[in-house]
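**Q** Read off the chains here:
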Amino acid sequence: MGLLKIENLTASIGDKEILKGINLTVNPGEIHAIMGPNGSGKSTLASVLAGREDYEVTGGSVTFQDVDLLELSPEDRAREGVFLAFQYPVEIPGVTTINFLKTAVNEVRKYRGEDPLDAVSFLKMMKEKSKLVEIDQALLSRSLNEGFSGGEKKRNEIFQMAMLEPKLAILDETDSGLDIDALRIVANGVNKLKTPNNATIVVTHYQRLLDYIVPDFVHVLWNGRIVKSGTKELALELEEKGYDWVKAETALA
Amino acid sequence: MKTNPALEELKSSLISQIQHLSGNADIQPETALSFPGVKNEEWKYSPFQIPKDTSFVIQNEGTHGSGQFSSEEFGECILLVFINGAFQPNLSEKTFPSGFRVGSPEKSGNSIPAFENTLFSQLNDATRHQGIYIDVAPKTVIEKPVIFLHLQTAQATGLWSQPRVEINVGERAEISFAEIWRNENAQPTVVNSITEIKVGKSAFVKWLNFEKGTASLSQVHQTRVETEEKAVFQHVVVAMGEGYLRNNLEIKINGSQGDAHMYGLTLGNHKLLVDHHTFINHKPENTTSNQLYKGVFGGKSTGVFNGKILVDQEAQKTNAYQSSKNILLSPDAKVFAKPQLEIFADDVKCSHGATIGQLDEEPVFYLRSRGLDLATARMLLVQAFASEILMKIDNKNLRELVESEVLAEMDRMIAG
Chain A
60 MGLLKIENLT
70 ASIGDKEILK
80 GINLTVNPGE
90 IHAIMGPNGS
100 GKSTLASVLA
110 GREDYEVTGG
120 SVTFQDVDLL
130 ELSPEDRARE
140 GVFLAFQYPV
150 EIPGVTTINF
160 LKTAVNEVRK
170 YRGEDPLDAV
180 SFLKMMKEKS
190 KLVEIDQALL
200 SRSLNEGFSG
210 GEKKRNEIFQ
220 MAMLEPKLAI
230 LDETDSGLDI
240 DALRIVANGV
250 NKLKTPNNAT
260 IVVTHYQRLL
270 DYIVPDFVHV
280 LWNGRIVKSG
290 TKELALELEE
300 KGYDWVKAET
310 ALA
Chain B
19 MKTNPALEEL
29 KSSLISQIQH
39 LSGNADIQPE
49 TALSFPGVKN
59 EEWKYSPFQI
69 PKDTSFVIQN
79 EGTHGSGQFS
89 SEEFGECILL
99 VFINGAFQPN
109 LSEKTFPSGF
119 RVGSPEKSGN
129 SIPAFENTLF
139 SQLNDATRHQ
149 GIYIDVAPKT
159 VIEKPVIFLH
169 LQTAQATGLW
179 SQPRVEINVG
189 ERAEISFAEI
199 WRNENAQPTV
209 VNSITEIKVG
219 KSAFVKWLNF
229 EKGTASLSQV
239 HQTRVETEEK
249 AVFQHVVVAM
259 GEGYLRNNLE
269 IKINGSQGDA
279 HMYGLTLGNH
289 KLLVDHHTFI
299 NHKPENTTSN
309 QLYKGVFGGK
319 STGVFNGKIL
329 VDQEAQKTNA
339 YQSSKNILLS
349 PDAKVFAKPQ
359 LEIFADDVKC
369 SHGATIGQLD
379 EEPVFYLRSR
389 GLDLATARML
399 LVQAFASEIL
409 MKIDNKNLRE
419 LVESEVLAEM
429 DRMIAG
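Taken in sequence, the protein lines are chains A and B.
The numbers in my numbering rise by one with no breaks, and the one at position 202 of the first sequence is 261.
The numbers in my numbering rise by one with no breaks, and the one at position 28 of the second sequence is 46.
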């Protein structure tokens with residue numbers, strides 16, 4: 060049974076249509092990579108799934124565990140178990156990661172009918188999860204992402220993912236701006252969080268990240284459509300031949 | 019806004035009351051002065067308003083009630099109580115730490131002239147004897163804050179209240195003060211206060227002004243400060259509630275290497291009109307002033323920040339910074355920000371800036387994408403915005419007292 064089912068999804072920003080009919084099914088336990096050249100619509104797809112209001116969905120449907128995802132507010136999507144790791148995590152002076160995450164974790168628990176975590180259990184959980192993504196706990200008591208390095212910001216995203224235990228994680232260009240060590244740490248975190256019950260969509264421009272997070276499926280997004288799908292070998296082929304090869308093939312078809 | 023004839027009538031009523039109270043015809047406000055209206059440049063965004071056209075009574079010392087407060091709510095402090103404008107020694111702390119002396123302002127010889135002569139000053143000067151004078155001896159260090167609790171009590175009529183506080187802090191003394199304003203009068207009330215603070219050489223003074231307005235209240239507060247060499251003065255104002263609120267903060271930095279820091283937090287709700295009017299005069303070389311005023315405005319509230327910095331010709335190597343940052347939560351809220359820099363020295367660093375905007379959408383979306391609902395996300399961001407100012411209140415009891423009222427007001431603003 061599909062965890063996420065996207066059918067014929069179209070979306071635009073202003074007058075510009077960016078997604079032109081996306082079809083994708085993601086099952087529990089799977090890792091999907093969505094690759095494509097800049098401007099192909101990868102980040103738009105991630106944003107639309109998370110409920111960013113800048114985009115207008117003009118057609119199609121998104122079903123998440125039998126729920127119409129597009130009807131839900133961003134917060135209810137998060138509570139249902141959708142998590143977006145931001146390409147550009149925002150800096151919020153005066154709000155610490157611990158501070159808002161405690162509220163977030165308990166909102167999600169409340170939605171699922173679970174009791175809120177007390178301070179001790181929350182701190183214990185935080186300690187465990189911060190080890191998982193190798194993030195310094197001191198960072199978590201500082202203003203969110205303020206003055207963090209690129210790597211620290213992305214690790215913080217994965218840390219939040221670990222805390223919220225989503226069923227579907229969408230990593231939007233999580234590799235951008237990371238050196239190889241940071242990339243490895245972030246990828247390790249994602250791999251450790253993998254279970255047979257959750258799924259991951261990795262949105263990336265480069266194949267590099269996929270050496271560490273090995274996908275079950277690779278999709279090529281171009282001009283608002285998925286034009287080619289395959290297994291991890293497709294990513295290697297793209298690395299070797301570039302995107303022009305897919306573009307040419309699509310034009311011929 | 020009330021028409022001028024009503025304010026003219028009010029003026030003559032107040033003058034005759036003052037003459038009657040003091041029995042002294044010499045104490046006579048200059049009749050040429052009027053309450054400032056829109057035509058006065060300094061008051062054009064906040065022309066003086068009375069809550070309602072009625073008669074206002076200036077009480078004499080004998081007729082004050084006791085007011086409702088508990089000294090425990092402020093924690094460890096030196097509590098000094100004013101009721102309806104007059105200092106009440108019987109309700110206040112009676113034993114003071116050494117080096118701390120309390121008397122009448124008439125004997126203070128403290129007078130700091132205002133930058134602008136106004137009817138408000140004239141009126142307040144005439145009842146100066148009802149106020150308090152505090153002398154802090156050189157090298158006195160007092161840990162617990164001195165709190166002026168200004169209560170306006172329930173009346174059957176309109177109330178005109180004129181508190182007066184004069185302070186002289188000696189060399190190397192360290193002390194912090196707080197003025198807390200409360201109104202229990204449902205009848206129209208005007209508070210016309212003057213606070214004068216002299217900060218001696220190398221002294222360190224912190225000031226908090228917590229102003230909570232009500233719909234029936236107009237407040238005009240003048241705070242005048244003079245600082246000497248190497249003195250540090252910090253002023254924090256937190257303004258919220260309803261009604262009309264005008265703050266004039268005037269600081270003369272008289273001695274070199276003096277520092278003045280001014281912080282403001284305004285929460286505008288309902289029809290609150292707040293005008294923070296600051297005037298900083300850098301006189302000698304090597305002095306610093308720093309101003310940060312933040313505001314969150316909802317409902318039909320209006321905020322004004324007018325920051326004037328005057329750098330005298332002798333005041334080389336002055337650092338003067340000024341910033342006003344505002345968030346509008348409602349389409350009917352307004353903010354006016356007006357910097358005025360008058361610089362006569364050539365080797366100075368001055369900057370000013372003002373921002374007015376809605377709450378940023380990106381952080382709101384970020385927090386919602388983690389499961390926080392819209393109201394909680396906005397609340398958290400507004401709280402974070404305000405915390406920079408609240409953190410300047412070092413005294414834990416006072417900070418918590420202000421914070422709890424600030425959070426409750428923010429909740430109401432975001433829900434509304």
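Incorrect hints may have been included.
[Stated by the list, open to error] Not everything, but these chain B residues come out facing chain A in the computed CB check (under 8 Å): (1) 95; (2) 377; (3) 384; (4) 391; (5) 418.
Don't read these hints as lab results, they were simulated from the structure.
Ideal Cβ placement from N, Cα and C applies to all residues, glycine included.
**Q** Look at each hint and say if it fits the structure.
**A** Hint check results:
no., hint, verdict
1, 95, "violated, 28 Å"
2, 377, "violated, 11 Å"
3, 384, "holds, 5 Å"
4, 391, "holds, 5 Å"
5, 418, "violated, 17 Å"
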